[in-house]
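Chemist: Listed below are the residues making up each chain.
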Amino acid sequence: MAQASDLYDERLQRIKTAVALAKPDRVPCVPLGDSFAAKLVGEKLSVFCTGRPEAAYKTMIRAFTSLGEIDGIQHAGFDANMLSTIWLSKVRMPGVDLPEDNLWQVEEQELMKPEDYDVIIKDGWQKFTDDFWLNKLDNLGARVQPFFASMPAAMQAWKDLGIVPFSPVIVTIPYEYFCGARSMREFIKDLYRRPDKVQEAMDVVMPVLVEQARQLARGLNLHGLWVGGWRSASEFLSRPLWERFVFPYYKQIVEALVDEGAIPVLHWDSNWTRDLEYLLQFPKAKCVFSPDGATDIFKAKEVLGDHMCIMGDVPAEMLALATPEKVTEYCKRLISEIGPSGFILAQGCDIPPNAKPENVRAMIASVHQ
Amino acid sequence: MGANLSEMLADLQENQVIEAVKERLAKGEPAIGIIDELQHGMELVGTRYQAQEYYLSELIMSADIFKSATGLLGDAFKASGEKIGKIVLGTVFEDIHDIGKDIVSIILSCNGIDVIDLGVNVPIERFVEAVRQHKPDFVGLSCLLTTAYDNMKATVEALDAAGLHEGRKILIGGGPVDETTRAYVKADAFCKNAQEAADMAKKMLGVN
Ligand code: B12
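Chains as they are written, first to last, in the working numbering: chain A, -14 to 354; chain B, 2 to 209.
Treat the hints with care, since some could be wrong.
Claimed, not checked - 30 Å max Cα-Cα, derived DSS-like pairs, lysine-lysine:
#, chain 1, residue 1, chain 2, residue 2
1, B, K204, B, K187
2, A, K341, B, K154
3, A, K284, B, K154
4, A, K107, A, K284
5, A, K311, B, K204
6, A, K29, A, K284
7, A, K341, B, K204
Calculated from the structure, these hints are not laboratory results.
All values reported here derive from a predicted model rather than from experimental measurement.
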């Protein structure tokens, strides 16, 4: 027991040193794999993905204690219904809407109508999402409740093994919620057809999201949180739109979390290379930039290296298709060129279900060589 | 006046484009000239996209304005100009991504290609039936999921087996698709973006 808590302190220190842009004794490794964990232990995705949050985090623990020594894990547990809370979209589940061992799928539909911006402005975000969860998302609240309830125990279980549950909660900006609920295509047209209305609604939603993020950070005593970015990536939006509807909102949430003493982990999928300079406006040595393989991580080092810790980015395709030697080679390059200061080794986004276990092992082993 | 409509579309001035088209139709202008200008507007959008002045956001918006504007012209758009070729296009089975496919559809139409769009999550048999019925010059398969590559491959095989591949080219595209994918599914060509698809189609048809 004592040994686990020593290990925990040592690993947490290693991660925090990297975040502070200093040089730890070695580069920390903080992966994430949910569907991969299920596949590894031979569990059907239909069994893993929803409704049994306690079994799910135990599956993840079983998987990640068999792959080598890791310093932390990004998420402590999993339930695919959580995806609905981020994008306000339905999720098709394996075993229900899909074959038993398929990956769950976000099903984008226009569940929110243009008139709903006015409802949000008038009634507020809380009331709008309460109604939306209940009526448009088949009583989502009841389905995610067990997952929320399992969080403290899940975090403790990792901690008991000396592994840091680094960023077990996801927060994001109004753009991501609206884009999912309206559907990407309709939402992008809204940015042209009713920009002022969209912005007004975003400005109503934002203080609520900031307050929720603060309370989560405080209530669960979190080291870090994912500040997620998916559809709001630079590659999808011209700069004037991105400057107006995306960046200022990230800035607010990042600053609030830093104020709480938590580490914002910018889990940003797709390509953000164009706008990396903007991240220099975030507090120095307090955040983590975590690209998924689509952003040029070497360019990120050039632009942000003196300002922000970088985490990543062994690409999903490499973990699925390459050889362990190739993975090791890429990790070594990351460790020496992005690290050894201010760097945390991880996969890009999430380890895919079809990753080869030996490739994941090679990734984890590379920080120990 | 002429250049104006193209510029308006390229500048994404939706209301102005719609008003202008209505006005000119009311004056009895032939649809064909209007279509030309709208198509030129989409070319300008393409140029700005290549120059990284425009992004996906502008492609989506311009495509929508183009659709509404040509919608006002009724059947004139479908019947307009000489068609240089025909494509049966769709997103493969089990994949529902359609933003890229829809852009390809518009850009190909602007380049004189008749597009028969089967939508998303298209079962293999539907591709086969549509090819049999429409006898296109091209079959276009869009696919963004590596997990759906096998469905794309099976679609190509089904066309081969039905003797429907012969005499036409199968083009593929979508996010992660590359030359390796093309070889794996045994398609004839892969295109990185919609403009490349138009250029490739024209090249294969022997027109410039
Ligand atoms: C928007 C989006 C969605 C939306 C789709 C909305 C819609 N109506 O299309 C939603 C939310 C529904 C969605 C769902 C999913 N998605 Co998705 N999605 C994306 C995203 C963010 C953008 C795709 C896009 O529209 N790009 C813009 C268009 C313009 O680009 P394009 O499609 O590549 O098209 C261009 C060219 O490729 C080419 N082209 C395209 N088609 C064709 C066809 C022919 C014939 C030719 C010649 C050329 C051509 O021309 C186009 C224009 O230039 C990508 C991430 C990314 N960076 O690409 C992920 C991505 C494609 N999705 C992904 C995944 C995994 C999923 C889900 C399985 C996630 C989940 N677990 O829920 C589900 C799958 C649902 C399903 N059954 O299909 C992965 C795929 C990973 C992989 N390699 O397999 C990606 C890459 C994200 C990631 N990094 O993980 N997604």
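Chemist: Give a verdict on every hint.
Modeler: Structure-based check of each hint:
| no. | hint | result |
| --- | --- | --- |
| 1 | B:K204 x B:K187 | holds (20 Å) |
| 2 | A:K341 x B:K154 | holds (23 Å) |
| 3 | A:K284 x B:K154 | violated (36 Å) |
| 4 | A:K107 x A:K284 | violated (43 Å) |
| 5 | A:K311 x B:K204 | violated (38 Å) |
| 6 | A:K29 x A:K284 | violated (39 Å) |
| 7 | A:K341 x B:K204 | violated (41 Å) |
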